[in-house]
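Those protein sequences? They're chains A and B, same order as listed. Residue numbering for the first sequence follows numbering that gives the first Met the number 0, starting at 0 and increasing by one per position. Residue numbering for the second sequence follows numbering that gives the first Met the number 0, starting at 0 and increasing by one per position.
In case anyone wonders, no lab produced these hints; they're calculated from the structure. Take these hints with a grain of salt, some might be off.
As the list claims (entries may be wrong) - In silico EDC-like cross-links for lysine to aspartate or glutamate, where the CA-CA straight-line distance does not exceed 20 Å: (1) A:K167 to B:E440; (2) B:K286 to B:D344; (3) A:K167 to A:D258; (4) B:K461 to A:D52; (5) B:K286 to A:D258; (6) B:K468 to A:D52; (7) B:K468 to A:E204; (8) B:K435 to A:D258; (9) B:K364 to A:E204; (10) B:K435 to A:D209; (11) B:K468 to A:D258; (12) A:K219 to A:E204; (13) B:K470 to A:E68.
As the list claims (entries may be wrong) - In silico contact screen, one side only, chain B against chain A (beta carbon under 8 Å); selected entries: (14) Q105; (15) A116; (16) D133; (17) A136; (18) Q142; (19) P290; (20) A291; (21) E293; (22) T439; (23) R442; (24) A447; (25) S454; (26) Q463; (27) K477.
Unchecked claim - Residues of chain A placed beyond 12 Å of chain B at every Cβ, according to the derived structure: (28) G8; (29) G78; (30) V159; (31) V180; (32) V189; (33) G210.
Quick reminder that beta carbons are idealized off the backbone N, C-alpha and C, glycines included.
Given next are the chains, with one letter for each unit.
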Amino acid sequence: MRLGRLTPGAVRKWGFIASFLAAPLAIYIIFFVSPNLQALQLALTNSRGISPDFQYVGLDNFTRLFGDEVFWAAVRHHGLILLVMPLVTIVIALFFSFLLNLGGGQKNGQLRGVWGSSFYKVVFFFPQVLAVVIVGVLFQAVLNPQRSGILNSVLSWFGVDPVGWLIKPDLALWTIIGVMVWQGVGFYVVLFSAGMAGVPKEIFEAAALDGANRFTLFFKITLPLVWNTVQVGWVYLGIAAFDAFALVQVLSIDRGGPDNATTVLPLEIFRQTFTYYRFGYASAMGVALVFLVLTFAALTLRVTRRERIEY
Amino acid sequence: MTTTPRDITRRQLLARVGLTALVAGPFLSACATGGGGSEAAAPSAPAPSAGGASASANNPFNVKADAPLEVIIFKGGYSDEYATQSHEPLYKKAFPGATIKHQGIQTIGQTLTPRFAGGDVPDVVNNSGTDNLDGGALINAGQLLDLTPLFEAPSVDDPSKKVKDVIVPGTIESGLGGDPAKPYTLNYVYTAYGLWYDAKLFEKEGWTPPKTFDEFKTFAEAAKAKNIVPFGYAGKNASYYAYWMILISAAKIGGNKVLLDIDNLADNAWNNDAVKQAAAAWAEIGKYMDPAYEGLIHTEVQTQQNQGKIAFYPSGSWLEAEQAKDTPEGFEYGMVPTPSVTTADQMPYEAIRAAAAEGFVVPSKAKNAAGGLEYLRQMLSKQGARDFTEKTKSLTVVIGATEGLTLSPGLTSVAAAQTAAGTNVVTFSSFEGWYKELETELRKQTNALMFGRISAEEFATKMQAAADKTKADESIIKQTRNV
Numbered sequence: 000m001r002l003g004r005l006t007p008g009a010v011r012k013w014g015f016i017a018s019f020l021a022a023p024l025a026i027y028i029i030f031f032v033s034p035n036l037q038a039l040q041l042a043l044t045n046s047r048g049i050s051p052d053f054q055y056v057g058l059d060n061f062t063r064l065f066g067d068e069v070f071w072a073a074v075r076h077h078g079l080i081l082l083v084m085p086l087v088t089i090v091i092a093l094f095f096s097f098l099l100n101l102g103g104g105q106k107n108g109q110l111r112g113v114w115g116s117s118f119y120k121v122v123f124f125f126p127q128v129l130a131v132v133i134v135g136v137l138f139q140a141v142l143n144p145q146r147s148g149i150l151n152s153v154l155s156w157f158g159v160d161p162v163g164w165l166i167k168p169d170l171a172l173w174t175i176i177g178v179m180v181w182q183g184v185g186f187y188v189v190l191f192s193a194g195m196a197g198v199p200k201e202i203f204e205a206a207a208l209d210g211a212n213r214f215t216l217f218f219k220i221t222l223p224l225v226w227n228t229v230q231v232g233w234v235y236l237g238i239a240a241f242d243a244f245a246l247v248q249v250l251s252i253d254r255g256g257p258d259n260a261t262t263v264l265p266l267e268i269f270r271q272t273f274t275y276y277r278f279g280y281a282s283a284m285g286v287a288l289v290f291l292v293l294t295f296a297a298l299t300l301r302v303t304r305r306e307r308i309e310y
Numbered sequence: 000m001t002t003t004p005r006d007i008t009r010r011q012l013l014a015r016v017g018l019t020a021l022v023a024g025p026f027l028s029a030c031a032t033g034g035g036g037s038e039a040a041a042p043s044a045p046a047p048s049a050g051g052a053s054a055s056a057n058n059p060f061n062v063k064a065d066a067p068l069e070v071i072i073f074k075g076g077y078s079d080e081y082a083t084q085s086h087e088p089l090y091k092k093a094f095p096g097a098t099i100k101h102q103g104i105q106t107i108g109q110t111l112t113p114r115f116a117g118g119d120v121p122d123v124v125n126n127s128g129t130d131n132l133d134g135g136a137l138i139n140a141g142q143l144l145d146l147t148p149l150f151e152a153p154s155v156d157d158p159s160k161k162v163k164d165v166i167v168p169g170t171i172e173s174g175l176g177g178d179p180a181k182p183y184t185l186n187y188v189y190t191a192y193g194l195w196y197d198a199k200l201f202e203k204e205g206w207t208p209p210k211t212f213d214e215f216k217t218f219a220e221a222a223k224a225k226n227i228v229p230f231g232y233a234g235k236n237a238s239y240y241a242y243w244m245i246l247i248s249a250a251k252i253g254g255n256k257v258l259l260d261i262d263n264l265a266d267n268a269w270n271n272d273a274v275k276q277a278a279a280a281w282a283e284i285g286k287y288m289d290p291a292y293e294g295l296i297h298t299e300v301q302t303q304q305n306q307g308k309i310a311f312y313p314s315g316s317w318l319e320a321e322q323a324k325d326t327p328e329g330f331e332y333g334m335v336p337t338p339s340v341t342t343a344d345q346m347p348y349e350a351i352r353a354a355a356a357e358g359f360v361v362p363s364k365a366k367n368a369a370g371g372l373e374y375l376r377q378m379l380s381k382q383g384a385r386d387f388t389e390k391t392k393s394l395t396v397v398i399g400a401t402e403g404l405t406l407s408p409g410l411t412s413v414a415a416a417q418t419a420a421g422t423n424v425v426t427f428s429s430f431e432g433w434y435k436e437l438e439t440e441l442r443k444q445t446n447a448l449m450f451g452r453i454s455a456e457e458f459a460t461k462m463q464a465a466a467d468k469t470k471a472d473e474s475i476i477k478q479t480r481n482v
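Same shape as in the complex, but just chain B (with noise of 0.2 Å):
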């Protein structure tokens, strides 16, 4: 890009002798590894608590009115008219002159990257995906926004509520990231997770969800009996979904300090008895599943559930949404918590994973990065809220933004289980997003496991190895959580 006379003159010369090709050389220069980052914009950060003199509670991060403003949405399985037909109308409404350029689409991470290392960033990203972009990568080299603003400003509602007074509490926390720690994250959406069945279909089998793992097993000979799959997940692509219900149980067997460990790189954290009981009692589970599963995909999966093949299926709360098209009549989605594992878990077996999940970013560099901020501030209004889990079927973090709302089965006992956890919550994991090396190898071994060809106990050494791996490896950032 950076184009001198020199180099110019070098090129007519060299035209003139036949050597075209040493032209290249200013070429490369515009490629990965010329430049030397002198063109990366300075970051346009915007001031909000300084209160500039145009700063109010209607636009408490100084948007510039006419600034353009460019969305990326992650286009999956809440696909993006909640962005385009809600919260972009809602952010035009309060700038009227802006206009919003939106690009709704799956492969956040190879789309975004070559335009974060050429400092060109859009100002609002949906982060989600298989494919999405490495946050705490982004964090380290400091491509995004501190969101501490946001949380501080005043509510769209209610002028004398912050935003983060709300939004339900641990949302914040679960979008920090770096050291020291800040929120760079807005996870948006509301999920919890547990076993989904067909609540039809257990009326009229006479069943009912097993809540310990004793029963479960007798469930597992009554539902083969019926030729039907006790428990089932894809292999070839969603594994994790499996290693979620093994991290929930080992946090019902010994708190959520197993996960905490887990997540800090703690000495022997796989180690303990707590995933080893929980490893080797899905994998009791796992004996039933048909082998061809570890061979496809989700939705296939999802699908056989839908006609009945499968009793339970290990999933968030969005699987109602994703699956709508595809589910018959007289099949009605509920959620249930995973069964206890030992009489003396620390956790209830009422106890539910429930995260905010579904993360946006805004970068630093972003030349509209108060829009951004702006851009969250409006989705995060009950109106933005609503709309969402209206066109989408899923909860959001806002609180009350379901009123005058009539939910679907499935997110009714979603509701259900939320109430009857109370403040028994299992928390998320953020090492799936920390150390991608780690959740690579989890994903492995899972199946592994799932899938009869190693242990319990190896299970626990493998993740063990692959976590001190991890942890030793000075080219890794390492990070800590308390809560």
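Chain A on its own, in the form it takes in the complex (with noise of 0.2 Å):
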């Protein structure tokens, strides 16, 4: 292609797909681009967001950051969340979507899923549809700490105590990373039926012939032929772990409690942003959170990246 030569045909054909990219790309750095590089802007002020007044203050957002216990706590929580809740929501999702689609055994010489699936993938769905919010509305009842509470009575009918499931500090985050994966086990329950229905049928029924149990089945050749998928599951749910905001927020004691022991970075943003007015402050934590999500991503890619199988 000859690119740089300004002949009325090329002009056409650019302006023509540059008439499609711009109304995304405006809009793109509008609401994304623009306001992080604001926030890396606002991080380097002593801003308190309710004046247009303020001071460039170099990086002292950055070294207050370092000191302070309730960032780190927050980070170390966010370090958990992304160490257990994507691996238990991809474990659980692609054990469920295997039983939805070859879990059933063979029939005519075909394989299939557990009886009533097309139904289940429905069910599996439905928490994708209701907003975090209500979500976390629908936990607090179900994680009521007294005997009424939904879980609790269900515990009491065998003899169990009523259990603070958000009180205890030491259960509170695992109560929370418990309704993340709930939340979010459906949506790859599909995405995974997605991904093992574009594999042909005939690599199954193959293996099958030569008498691979499920097992074999699952990890030879399921897993392998779906790992793309697998694969970009983990980066949505790794980015996900550092979000648990609307959950924290709605469910957490003193929002982030006890002993800070749920906070995560997006309710201390909001917290520094909307409580204390450290604008500034507020902003360093979010350039902070863009890095660690940043990283992970690439991490992430770089990790598990393998060779394509062509089918």
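Could you use the hints to bring the two separately framed chains together as a complex?
Laid out in structure tokens, this is it:
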């Protein structure tokens, strides 16, 4: 292609492409790139957000981050969520989608899902349809610490005393992770199902004819073939692990408590912004969060990179 | 917002070569970090004392009769009917040509912060609720109007008396802020804080509210025997109700100076023995609570009290009105002071924490700031105050505004407690508004103390550390008070 030669034909062609790209790019830049750049700029100021006057303070806000124990508590929590939540969600989702698509044995030489699988697919997707805040409000009732709470009243049938799911500092974050998994699994069941549907049936049938049991079928055939989809899911879930704002805000005690046990960065950013009016410092936290997410995404894509299987 | 001709030509140029995205440049300047405040309107400060030609007892602030007025009310426990059905009509009566734009919302801070940043502010703001605006930050940014002219203006009902003479003493002081301190906030509601109980239940069981913590513990055992939790509060979102009680007890033990020291970030203010004794006394009572309360919100715990499961609940005089819908027949709210901790307490048992609360401010850059002041003056009329008490079942700071009103049982007990307390008034705590970081820490540590995770000693140590941190932080602007 002869780039750089502005013949009328080239102008028409590139103008055509640009006219399609312009709107999405403009929206992306105005609503994503520009706020991020502004956050970077604000992070270098002592802005309180309620007056147009502020001073540049260099890297003061970032130095402050290092001595902020609440910030580090939040980072540790993201670390734990990142280790546990994507793994558990993906394992459960893979298990379910395998059962729904291939786990029901053979009929007429064809592999099929367990009985009623099309019904389960819809049911699993329900949590994804609900807004996160609604999930939070639902779980307020489920996790209510009194004997009348839904989960605790079920447990009381077995003689278990009411559990303070969100009250015990050692338990609270695990409870939140549990809710995140519950909410996430459905979407990934559908995603992995789609991935499995994309694999030619003959491969599974051939393996089945060769006498592969379900275990081998899953680990030796299915998983390698949907690896790309799993990888995408992993990145999505990893990014979700850096959020958790709405659930913690709605469910946790005293917004991030007890004793900072459940706090996450978006919540601290919210608090720094709307409770303490430290827009500059909050932006510094935001910048730190962006770097954490980007580092995670880059690392994941690198580590999980492998040859694509053609079929 | 500043689209210069140069930008426009550049946009045309870029559009032609298909690089429209770069045109985002001018958009960027319209956002938070752009601009540099060039478009912020100059404060239209009214000059009441100057006495312009048209200033009169009826219109001391020279309000332009047809200037529109925008009022923002926190739609919480008091709802906003008192504004739409009383205060705003009163203003309209004084200025029939004015149109009033009313908004009743709950997220005052999130809604108004961008408007303050942009310079387009309302004329009156009822700054209240969990998500309220940081008054101290607004004052430091010069965003609030000094209300001195309001308090010096003639009152609505009797032009020979100034506004400051028809309101409860201490009201103006409660709204001081900035350095030098000026009254920026009108605290409108007279609030008393104490322990709330069901007078009918106590009558039935033959109990009397305890006057000392020893009696409190005896009572706690008696209540426990009846399967009633002696004391409870909601840890999930209302731990400050509990820290009020601790602070009240600390002041009763060591005098109001303990609380002034805390506000002024005096060295070792939290390590004061009075604070430790108060924390220890309340932690003892905390042991009787159901651990589940830490995971409940205030309305859930309040409803449990209405159901007769909890004897005492710490709160302020808004409680009765807030629970009006859920209060069953035969439940009669009453309020008593917190029990004395030691026999050597500086203040008697009868002392109560009473303060003017529910702040109203006028932004300094408001388009109709004079109208804002006039609106506040109308609120402080007897009619405005009486209507407020009728609609919200809460007392205002306006003296003698309840004449002719029949008060509810709870409000009657508040009035009785006020009379009994006389001048023994536990002061309010300004640090709650001044130093939000410290306040957040106090909420956290109060739950830890009351639900048995830390001792009173650790509570004092941790709070002292947080106070020292606040004191050492140069980015936090310090304030002090003497009264």
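Okay, the hints, checked on the actual structure:
no., hint, verdict
1, A:K167 to B:E440, "holds, 18 Å"
2, B:K286 to B:D344, "violated, 24 Å"
3, A:K167 to A:D258, "holds, 10 Å"
4, B:K461 to A:D52, "violated, 35 Å"
5, B:K286 to A:D258, "holds, 18 Å"
6, B:K468 to A:D52, "violated, 26 Å"
7, B:K468 to A:E204, "violated, 68 Å"
8, B:K435 to A:D258, "holds, 17 Å"
9, B:K364 to A:E204, "violated, 75 Å"
10, B:K435 to A:D209, "violated, 69 Å"
11, B:K468 to A:D258, "holds, 18 Å"
12, A:K219 to A:E204, "holds, 14 Å"
13, B:K470 to A:E68, "holds, 17 Å"
14, Q105, "violated, 13 Å"
15, A116, "holds, 6 Å"
16, D133, "holds, 5 Å"
17, A136, "holds, 4 Å"
18, Q142, "holds, 6 Å"
19, P290, "holds, 6 Å"
20, A291, "holds, 4 Å"
21, E293, "holds, 5 Å"
22, T439, "holds, 7 Å"
23, R442, "holds, 6 Å"
24, A447, "holds, 6 Å"
25, S454, "violated, 14 Å"
26, Q463, "violated, 16 Å"
27, K477, "violated, 15 Å"
28, G8, "holds, 15 Å"
29, G78, "holds, 22 Å"
30, V159, "holds, 14 Å"
31, V180, "holds, 21 Å"
32, V189, "holds, 33 Å"
33, G210, "holds, 54 Å"
Checked against the numbered hints above, the structure violates hints 2, 4, 6, 7, 9, 10, 14, 25, 26, 27; every other hint is satisfied.
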